[in-house]
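According to this note's numbering, the sequence shown is numbered sequentially starting from 1.
Derived by calculation from the structure, the hints in this document are not laboratory data. Take the hints with a grain of salt, since some may be wrong.
[As the list claims (entries may be wrong)] Dumping the calculated SDA-like pairs for lysine to any residue here, alpha-carbon to alpha-carbon at most 25 Å:
| # | residue 1 | residue 2 |
| --- | --- | --- |
| 1 | K35 | Y170 |
| 2 | K36 | F90 |
| 3 | K182 | I77 |
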Amino acid sequence: MVIFGLWGSFRYIQSVMPAHLEKTVGSIAYDICTKKRGRARFLLSLSTLSFVIYTLIPLPFWPFDARFMQSFLLTTILAFVILIPAIFVFFLGRKALGKESESPKSFRKVIDFGIYSKIRHPQLLGEILLLYFFAVLFNSIFLLAFTTLFWVPMYLAWCHFEEKDLLLRYGDDYANYMTRTKKLIPFIF
Numbered sequence: 001m002v003i004f005g006l007w008g009s010f011r012y013i014q015s016v017m018p019a020h021l022e023k024t025v026g027s028i029a030y031d032i033c034t035k036k037r038g039r040a041r042f043l044l045s046l047s048t049l050s051f052v053i054y055t056l057i058p059l060p061f062w063p064f065d066a067r068f069m070q071s072f073l074l075t076t077i078l079a080f081v082i083l084i085p086a087i088f089v090f091f092l093g094r095k096a097l098g099k100e101s102e103s104p105k106s107f108r109k110v111i112d113f114g115i116y117s118k119i120r121h122p123q124l125l126g127e128i129l130l131l132y133f134f135a136v137l138f139n140s141i142f143l144l145a146f147t148t149l150f151w152v153p154m155y156l157a158w159c160h161f162e163e164k165d166l167l168l169r170y171g172d173d174y175a176n177y178m179t180r181t182k183k184l185i186p187f188i189f
């Protein structure tokens with residue numbers, strides 16, 4: 001889980017920085033970043049699969065495999081309360097961004113409509129919430145802690161590097177957009 005997560009995260013960070021790469025390799029940087037994003041998604045999918053497999057077959061010697069809720073019904077309801085906004089936010093972001101989410105282009109303008117008028121990284125927020133969904137659904141303190149201590153900082157790093165590149169690509173337009181919106185949570189952060 002950790003190895004695929006770190007390796008996939010490294011590839012993902014590389015994939016969200018085409019403007020930086022363009023300085024050294026020219027316009028093919030966007031094609032290179034598209035390929036890196038595909039590899040990153042594969043590795044991150046393996047990490048997520050490991051995450052789910054662990055919940056189904058936990059390590060027998062792991063001391064932190066305690067459950068945080070006793071009620072299966074309450075855990076399931078809470079999990080789906082998390083899942084619904086996760087899917088909603090992720091797909092609103094995906095729809096507004098279109099193909100740019102898989103294949104970055106140099107000629108696009110700053111997307112600042114729809115959900116992007118409130119937050120800059122709705123897809124990442126949706127993915128974070130999805131990880132919390134799994135942790136709560138499987139009632140695992142380990143997965144809850146792992147998401148909070150490993151994945152959330154990783155996603156924040158992704159946001160940081162992506163925004164550095166977007167500032168390089170779009171300049172003042174993106175800087176102004178950053179002042180009007182929050183990173184992940186509307187009106188808060």
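Now the hints, each set against the structure:
| no. | hint | in the structure |
| --- | --- | --- |
| 1 | K35 with Y170 | 22 Å, holds |
| 2 | K36 with F90 | 21 Å, holds |
| 3 | K182 with I77 | 29 Å, violated |
Consistency note: the structure conflicts with earlier hint 3 alone.
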